[in-house]
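*Asks:* Listed below are the residues making up each chain.
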Amino acid sequence: MPKTKVYVARQEELLPRIGYSVVCGERKIAVFRLSDGRIKALENVSPYRQGPLAEGTVSGEYVYCPLYDWKISLLDGQVQEPDHGTVATFETLLEDGKVYVWV
Amino acid sequence: MTREKLLLIGNGMAGVRTIEEILDRDAERYDITIIGEENYTNYNRIMLSNVLQNKNTIEEIITNPASWYEEHRIELVHHDPAVSLDAESRKVRTQSGIEISFDKCILATGSRSFILPVEGSNLEGVLGFRTIDDTLNMLKTAKSYRKAAVIGGGLLGLEAAKGLVDQGMDVTVVHLEKWLMETQLNEMAGKLLKADLEQQGLKFLMEKKTSRILGDTRVTGLEFSDGSILEADMVIMTVGIRPETALARQAGLAVNRGIVVNDWMETSASGIYAVGECAEHQGKVYGLVAPLFEQGKVLADVLTGCETAPYGGSTTYTSLKVSGCDLFSAGEIKEADGVKSIEAYDGLANSYKKLFIKDNRVVGIVLYGDISEENRYFKLLKQKQDISAFTSVSVLPAGGGCCGGAAADDVTQWADDETVCGCNGVTKGTVLQAIRDKDLKSVAEVTKATKAGGSCGKCKGMIGDLLTYVLGDKVATAPTGICGCTDLSGDEIVLQIHERGLTTTDEVYGQLGFRNREGCPKCRPAINFYLNVAFPKEHEDEPASRFVNERLHANIQNNGTFSVIPRMRGGQTTPQQLMQIARVAEKYEVPLVKVTGSQRIGLYGVKKEDLPNMWEELDMTSASAYAKAVRSVKTCVGAAFCRFGTQDSMGLGIKLEERYEFIDTPHKFKMGVSACPRSCAETGVKDFGVIGVENGFQIYIGGNGGTEVQEGQLLTTVETEQEVIDICGAFLQYYRETGIYAERTAPWLKRMGFDHVKSVLLSAEQRAELLKRLDEAVEGKRNNPWRQVVEDPKLQKDLYAVIRG
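These protein sequence lines map, in sequence, to chains A and B. Taking UniProt numbering, the leading residue of the first sequence gets 1, the next gets one more, and so forth. Taking UniProt numbering, the leading residue of the second sequence gets 1, the next gets one more, and so forth.
Chain B extracted, bound-state conformation (with noise of 0.2 Å):
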């Protein structure tokens, strides 16, 4: 029996992506010809922003690479569009005038770059940010022009715009509307997203009309309906798309704004389907990735004869892919009649959250910074599940246990058909048979074998539950919460202690639905230490959730005893200080007096009992080298006695650890200053590290030393020490409100963005902000705690005593 001859026009994501289903349904059913007008295989589309932002070459987006074709006996027309289509004799013409007759044929060809018709529109230098070769043209211009002007501040031209910056191009977005992604975004969200832009290098002109493109030849500038001129060496148009519909038109099919299509995703031809940007159902073109690979599941089962339910349409959502700009934002998201809202904004935590209700129901969802929750929702809204049981604070925060709002968001609780990846259309049930019968153990092997969060990769955190669901703790990484007694993460827990206003340990385990309500060394240090950051005042310090080390203000070693190190400023010390340390290491019997690694003297091998006597005789602070807190400061000799010694790096890390010594940190925070750029206290690998050049003073941001060692960034250069110490106070506040207990700097620099901390600590406005919030924070509670353990005999009693029975 002859195959049946199917023809694909348009080589691209909902086109090829029907084929693949088809095959996967039945392989021997069509011979299989595929028209494509670009020059390059299948490819995934919406990566070309990555591919602009140096994240991904083109290689990898490449989906379907040549031997894909061949495999699967595919008849690849290339590089050479379809100009003709006779729906009655069932043929089409190429440019290049290759004739191809059909039996059954599908158009999926896509959509285009909208280009204004405005004047100067066809100059040189003028792009649409569309295809392989638009991202090549854009990342060719940008290695000899400066200036660019991206026109559409949407998805797109947000994305594209972000990529000209990475490129080192002066980038101006001019967009029409007052605040960014109109269509996705309210007001607040949409402003928030242009703040966080612009501290990216992005700049902004807003409601701006474009009425012409300046230039000869080639484009050197825009102008706007207010007379205003904008320079610029090229143009990036991405106001929007318009579905290729040409040759269904003159195939003489129902044209709307899309190719129209039934729910089977058939046209006004028999034989002839559409799917993808090209086709119009129920009025709909879509312009997103998950409904075309919707669209072309359905039409798959048609063209195999699988039974199937007719296509209904997507609900869609939005996100951007440009990195410390996190967004989402579905369905209906605009104020109307019985369309109620409520909403969230933390300030602090720089993160906004809209929900849209009606008739009791989830009808739309704007988020801006924190979108942890988007999968809760998004299925709230995709199920239509009725929220009248919850009250608005608990359909709105991260969902602890006590509500029973976290449900929807356990994707091991969802039906297999259910999407996983709306990227690329993976199912659940797909990724649960592919870690089951490939033997997969990681998110990245998952992706490998499925294609699922190979894309915008928001749903690796779901591919990590399912592993964890199949195999267990024999994953690599499991997401989880901050320890076992929860699943809510260090961040979800800062927002419901400011958000609810809890003030101690136990109101956090009630609350919060801890499975275990008096928690475990894990998080009990870390709730009193967010208590201690949120509520400085009305939180009092529980000591029973502190750890040993900082119960005792000592360090417990490996056989019980403990360690005694007391402060020596900027690692300098006097022959007083010496006697003394040796007095009391001889009364005591202490069996090892080291120099630590960080030019302190420790006393090793202390009995317990024994700490609150010798802390009275040494009389000397402690070091607070046990501690989550600001430890010593490191430095060289410097100027007082080094040849090389620019600056007096002794005098200042001495004022920087009196200023901020006894300070509550997520992590041990080290600082170091050195004097000239040899660098011989290594302040390269310090939390907060300082290096004296002739004029200033240079400081690097986030360099850790220890297990994972990272290298401090160069956060700026400043003329003066009272300019080093305020900064570092207002970067230790920042890490203190924002920082995940026992998340180094580093991670955490990693995490905030260091452009964003930049930001924040070099605009003088919020660093007075910062510093007031930690005076206010410490005030009385920054003390020397041996003198208050030898002055409280009560805490002698309490916490050091050992009882002779």
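Bound conformation, chain A alone (with noise of 0.2 Å):
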């Protein structure tokens, strides 16, 4: 199935370290603006109980999930120990100083 690019929101308007949820149909995304200014996108969803991954709090490339502090990669979206498992990642994409994901 060929991927829409979604957009989110212009880049200064996403604060670094803080979650934003993005509604696309069915799917939701956890967009988050790393420190460094990279924007990552993850499922919003916390393979265990389903956490809203944008509430979590975000350190360095991590985030960990606000319900049971799971510790999740925002690069590939792999669980760290000791829990396990993988969120789905989304493509971004930063134009003219507009952020999109690849939905």
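Hint data in this document are derived by calculation from the structure and do not stem from the laboratory. Among the clues, some could well be false.
Stated by the list, open to error - Part of the chain B face toward chain A, derived, beta carbon under 10 Å:
(1) R146
(2) E518
(3) P525
(4) R546
(5) N559
(6) E609
(7) L799
(8) G805
Unchecked claim - Per label pair, the in silico range of CB-to-CB distance:
(9) Q80(A) - S388(B): 36 to 44 Å
(10) D417(B) - G60(A): 51 to 59 Å
(11) G60(A) - Q722(B): 24 to 32 Å
(12) K587(B) - E12(A): 33 to 41 Å
(13) G60(A) - K438(B): 37 to 45 Å
This one's a predicted model, so the numbers in the text were calculated from it and none came from an experiment. Yeah, the Cβ is synthetic: ideal placement off N, Cα and C, and Gly gets one too.
Assemble the dimeric complex from its two separately framed chains, guided by the hints.
*Replies:* Below you can see the structure in the form of structure tokens.
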């Protein structure tokens, strides 16, 4: 299925280390701007009890699930030990200061 | 082959410890006899203070019961002192006339309390503090008499005085010098100690010289050189100890202050040795326990033919066994030629540190209040480490990973033969071996198996580190920092924030060498809080460091929705509010409406993006039900409607809530006001609980419900509502300033000491200071967060919007 480019916000509108909830049809996506400016997107659902990752604490390249503190990589969606699993990731695109997610 | 006869004179700590060491090395070598003067088997004399302070029983301080002597076939000549020693014919005679011959003899006769040679010192009620019998005598006297004087404000005197206060006596310590423990502390630390002890109920007469003890048969008081008089029913002499050398003198051995020994603990007579407080080595007599054990080891090696390094003297340190007065002192602590010092005083934490440096090496240490780094400094001192690479800022404060100072404190890096527990002379190697061989899992088990940590207990942290080192995370409790990002404790971080003037989380992470430069969900909110309290004006609250509940001002529920709980001050509401809540709940199809545990109505299952609109339509303030902050005040109906109510509990509850709502605290802060002792508002388990009585209000603090239920303690009774409100504010601010993030008031109170907190809150002066700081700190910050969000579209967009793609 071809992917669509979904507009999220202007880059400067996204606060560093705060997650944003994006809803695109059935898909729930969490978009993050890291301290160094990189923009990352994950499915907004933690593998354990479906915590909304957009509400989690962001540290470096990781987000911690707000419900149970699972530590999840924002780069590849990998859940860190001692927990396990993977969260789907989405490619992001910065164009003319605008942030898009490929869904 | 017949075994050699070894005779030990003195059944105390040094002598028996030497025998234990000998048995460890070669249990078959000697037929052993021990002569003891006291009517007890070997016991831990340094724990007598604990017996007096109700922390231990006599049974608990007996280190070797009669069965131990039997087991090792040691003959104990009990309760029968040696009276003559013939070094030539190798014979000793006891008081009861028993004659014992020996091949080798150890003198471990210890020392005795020095009784001031003043008139009246032989009166009934004048005691030393040296033995179990002295202690029992003091306990007995405390039952029938009220006033005690302790002459001598040194270590022993203060421990004795505290013990007698704990027994309910009115105790005055009489001290000759300007400050307490003058040989171990400098003036600053000595004065801090005095202030803390005064808060614990001790009284002091400083720079007083006792000239006479008054009384006919029993003591009635003291007369001082300036002519003044102190009434006393009991006098404890703790002005010093004198080595017990009578037997050695009679035998013709060389004696100065103590029995002179060489580096092998041998006296001037061959085959006769001395260890412990009775021995003088290179002009020094030791009155502390660690050197005794070091001497005992050398002597045990000598007596069993093991190769050994000569005894080269000991570096000693002191700590006081009185709760709430943590001090540590070691080495040379006087300013002298070439000795320079670094000093730090934290008035907020009442902590004082001073290091004495000579030729770039630490030669002396005085710590008062915060003694968390005693091991690190003591290692620097003992190892004579060159500290020229450190700046004073890096050597003095808690060593973060950045400056390398922490390494010396890391017990896992120590050599195996270094002593972990100074009180009992237990080395790191012994502890490690016991953990491995006996499969030990906790500090308590290590103490049981090795005695390490069983006396003053200051090495328990290191034992914990060794357990973690061997077992990894299988240890039940491993003391570490506030989270995995750092080894620093909350206290240490706060200290550093103040000392280095750190005003942002980034500075804290960078300068204190956190392993994770952006922290984790545990430390980020904590540091954000500490900065808010330390620098309320300079530090801007960081939403990204707030847990979601506090960032969004609503509790996150397990399905990712939120709860909305409006404030109902004092649990009171109106028909209009109820209708408003009902309308909003209906409009937004709220799945659950519930009365909370704290007398408010909660709307549960709300979507994040609906929060700002619902708040606007409710037009009520936030109850902070999600926050580490002042929560609501639970009240009973009180004098307005209840036939038992003596006070207007609802009215006072509302006033407290209005005055202190929206103030951040280390953990949630709950209050309750009951109008009578029936306490329908359950104020006994509130952080701040008030009970109305006929003529005023009883105030309870430190009550906690929740996971660790703790009953509040009665702080005081006051007459007016204003006093209740002021004490509450001072309490809040003191908790804010000294609390560790996520520490509730009950453990905080325990850590700080109830008596200490009480004295702070009941001092009008300190209360006013705290209230002033509270007002300054929260000025401009105490807003209803819901209103802020409702009025700020950018905030709504930044934090609450859901983007539709």
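*Asks:* Could you run down the list of hints and mark each one as holding or not?
*Replies:* Hint by hint, here is what the structure shows:
1. R146: violated, 57 Å
2. E518: Holds, because the Cβ-Cβ distance from E518(B) to chain A comes to roughly 4 Å (cut-off 10 Å).
3. P525: holds, 8 Å
4. R546: With a closest approach of 9 Å, the R546(B) hint holds.
5. N559: holds, 7 Å
6. E609: holds, 8 Å
7. L799: holds, 7 Å
8. G805: With a minimum Cβ separation of about 4 Å from chain A (threshold 10 Å), the hint on G805(B) holds.
9. Q80(A) - S388(B): 36 to 44 Å: holds, 42 Å
10. D417(B) - G60(A): 51 to 59 Å: violated, 42 Å
11. G60(A) - Q722(B): 24 to 32 Å: violated, 50 Å
12. K587(B) - E12(A): 33 to 41 Å: About 35 Å separates the Cβ atoms of K587(B) and E12(A), which means 33 to 41 Å holds.
13. G60(A) - K438(B): 37 to 45 Å: holds, 42 Å
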